[in-house]
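A.B. asks: With chain A held as given, fit chain B onto it using these hints.
Which chain is which? The protein sequence lines are A and B, in order.
Take any residue in the first sequence, count from 1 to its spot, add 1409: that is its number in the numbering used here.
In terms of the numbering used here, the second sequence has 300 at position 316, counting the first letter as 1, and numbering is strictly consecutive.
Don't take each hint at face value.
[Claimed, not checked] Pairs of lysine-lysine residues, derived as DSS-like cross-links and limited to a Cα-Cα distance of at most 25 angstroms, are as follows: (1) Lys120(B) to Lys1412(A); (2) Lys(-11)(B) to Lys1914(A); (3) Lys1893(A) to Lys(-9)(B).
[Claimed, not checked] DEER-style ranges, computed between Cβ atoms: (4) Asn1598(A) to Ile38(B): 56 to 66 angstroms; (5) Asp1655(A) to Asn285(B): 22 to 32 angstroms; (6) Ile37(B) to Leu1905(A): 34 to 44 angstroms; (7) Leu1905(A) to Ser311(B): 53 to 63 angstroms; (8) Val146(B) to Ser1588(A): 56 to 66 angstroms; (9) Tyr289(B) to Arg1787(A): 40 to 50 angstroms; (10) Ile38(B) to Arg1414(A): 51 to 61 angstroms; (11) Ile284(B) to Glu1917(A): 42 to 52 angstroms; (12) Val146(B) to Tyr1652(A): 47 to 57 angstroms; (13) Ile296(B) to Arg1414(A): 20 to 30 angstroms; (14) Ile296(B) to Leu1753(A): 36 to 46 angstroms; (15) Thr1759(A) to Gly164(B): 55 to 65 angstroms; (16) Glu306(B) to Arg1414(A): 36 to 46 angstroms.
It should be emphasised that the hints constitute simulated quantities derived from the structure, not laboratory data.
Cβ atoms here follow ideal geometry from the backbone N, Cα and C, with glycine treated the same way.
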Amino acid sequence: MEKMRVKQFFNKLIKEEHPPFEKAAKEDDLLKKKQIDSSLAKNMEIFKEIYYVPNNCDVNIRDIEIGGTKKMAAVLSISSISNIKIIEELIIRPLLSNDNESKVIEKLLSQQVRKAQVIEDILKEINNGNTALFVDGEPNAYIINTSNFQGRSVEKAENEVVVKGPKESFNEQAITNISLIRKKIRDENLIVESTTISKRAKNELYLLYIKDIANEELLTTIRNKINSLDVDSIQNLSVLEQYIEDNIYSLFPTILYTERPDRAGEFLEDGFIVLIMDNSPDALILPATFWSFFHNAEDHYLRFLFGNFIRILRLLALFITLFISAIYIAITNYHVEMIPPDLLLAISSTREIVPFPPLVEILMLEIAFELIREGGLRVPKPIGPTIGIVGALILGQAAVQANLVSPLVVIIVALGGLSSFAIGDTNLNYTIRLMRFPFLISAGVFGLYGLTALFTIGLFYMTSIKSFGVPYLAPMTPNDSTAKDTIFRRLLKNELYRPGYLKPKDIEKKAGE
Amino acid sequence: MDHTKGKLGFREFLAIIIITFGTKLTDNTPTGLFNKVGSAAWITIILMCLLAIIPIYLLTKVITAYQDQNLVDIIYHLLGKYVGFFVIFVLWLTETYSIVLSSSMYTDIIETMYFVRTPTLYIYIILIGVAAYGAKKGLEFIGSTAWITLVGLNLALFVVLVLTFYLGRLSYLFPILGNGIGEIIKEGASNASIFGEFLYLGFIVTSLRSNNVYRKGIWTGFLYVSFIFILSLIAYIILFDYVSIVHLNYPFHESIRYIQLGFLTNVESLFLPFWLVASFIRFSFYLYISALLFGALFKINQFKYLVPSIAILIIFLGLIPEAPVFSLINFREKLVYISTPIFYFLPLLLWLMAKRKGVFKK
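Bound conformation, chain A alone:
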């Protein structure tokens, strides 16, 4: 309460004076709620005004005369997002070439046709690439599916690469993505619900779950959260993720983001809920635990021992990334006696000519590494290799030769940096990379004591995070003796249960029988 008041006070203090901004006019919305008229001319006037025709160049209106009945009609569509060929061959041609007077419009068209009366609904259909047919004297419009959005085809997964297992990944079209999931789960209980989540852009969100597995309470929580959104536009899932997550300021992600349909399918079958949207080459899986970020699709595709081997490697990579530089700082500053004498001499002889304290040295190199990484990521493809060479050459070799850093520090930072790549999940990767810095500082200030103190705080914090009510470290703790997939995976025949922390409607996987 006090904090809020102080914040308000400061906000008022720094607020600039400015002329009032415009807000959306109410009249437009009122007009759109109306039903259309039976007069074609009037309707066309309304729609021309809304679409700003003829200035709006890709909105097509064709006036035709229907053969047989001799009625005037107009076909309205947006050419850039609809299939012109279909409109031409399956709508306009049958109408023109008709010679039967008694035939109704629905019968004339070979495509499936639905009727709409409210302007808003018709607009929504047109904006989705469908075609509206207005006929003089009829107070409704006929909507024909003609949508054809441009997009890329199904391609290989680029961020979550596997060696063994399916390679295809989601693309930017929700329908394709849903089809990819349905391909994996041919079950009539797989439900795809759709809702509009934004006011202006009218973004459509698809909620996928398996009806007789997913928990109702969880579904209601998620539905409520989604329906309570009040924004003009949510372009894609990456943005939506930030609107619906529980801990906005937390370092730890609580919603899993994957580009692999097989992973989404696997989670669906365990009772999780998947969100899919247009323009997002990925799916959101919720709720997510720490383990879902830690795991990888390949863990289960590889044979039991190999799968666990890469799990151990990943755990090792996680700890190395988090702690190696911090431990170096702690040991060289506070616990020198720990290092065997020969190694100690080797370290001190390389450090002799370096003018900085170890903490500064490590921080410099860590930041440089992060810069190379970020730069390398954003660099246009043709110059990419050059940057790699420059980065490796300049920062590694030259920095050592210039006595800016000692070779051991280069090894340590490079090892930490490389290990961080073993953590495949983008969100967790950022978490780990960011957490390195507090650990570094704490090790610099208090040695292993500070490091351990921060680590314990981190553990206390991590156990207290919840993702849509699910404890972050479940099923390790709190445990309910159901799913046991945490650090190590089990034999497939021993994975008998779905995760109990989701309270699925059907707990048994029936794999053992």
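C.D. replies: Positioned in the frame of chain A, the structure of chain B alone reads:
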């Protein structure tokens, strides 16, 4: 979605017991024993365990006879409003006093053994600060953290024990009866409050998933703790012999200074983090209990908000003793003499009252 509703399961409860009691063998608790009974300290522990079984059994019986009531409610129910208040007040006082003593001791360990040049105040602030953060978060998270770290901590302890046994000489175990049977019995009986904190576990029984978890947890924990206690006391004695061990204040830390791990000759900093994690968890549990008791005394439901104030109080009180190495041992001994009778007689009293009130018949 969390159907455990924040209640501790068997694993978390067991982890809390093992960590809070297990860390005792790393501070100066063994020193007191070695001082009095020499090489027979581990036999004293066996005796203590045998003696401790009775009060723990009586207490468990009383507690499990009630449903969804913790020891506070039970004490009030059995002893009445005024006596109950007094008993809980005494328990709170001894608990807080023991936190002050042990935190002061742990700070001293960190300072004398590892961070010689760091000011005591900062070490203390971090120790209690981290513990207070955990206690403020709540018991379920203390339990979860304890369970996650349990495997690692035990592994570290066993590595230490194995290395110690490897270096030690079994002949140092003799004279097997140390300073004589009389001393063993006397010390065994009067030091039983090492297990006295089992009393305090009764206060969190409503945070457990069921009474069965409590019963199982208490006995498994008790057995395991006794086992590692005996093992480590033997380890200390065969490493240092009974003459020199008397002069060591913190035998565990001296042992890890002594042992070697392959090419690493100084491994104490390797084991330091494990011990620190255990200590942080231990103190957060103690702080939580202290806040809980204080809340129960003065009818404060949101007792978690008391944690920061209690933590600050503890830091200031704990900084008072000068030359903690000497004073703390004395203070601890007095505490043990005060709290041992409580540990023996309170469960007995509760059990008798429960019998009289017919609690067991339901």
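A.B. asks: For each hint given before, does the structure comply? Return the numbers of the non-compliant ones in rising order.
C.D. replies: Going through the list in order, the structure violates no hint and respects every one.
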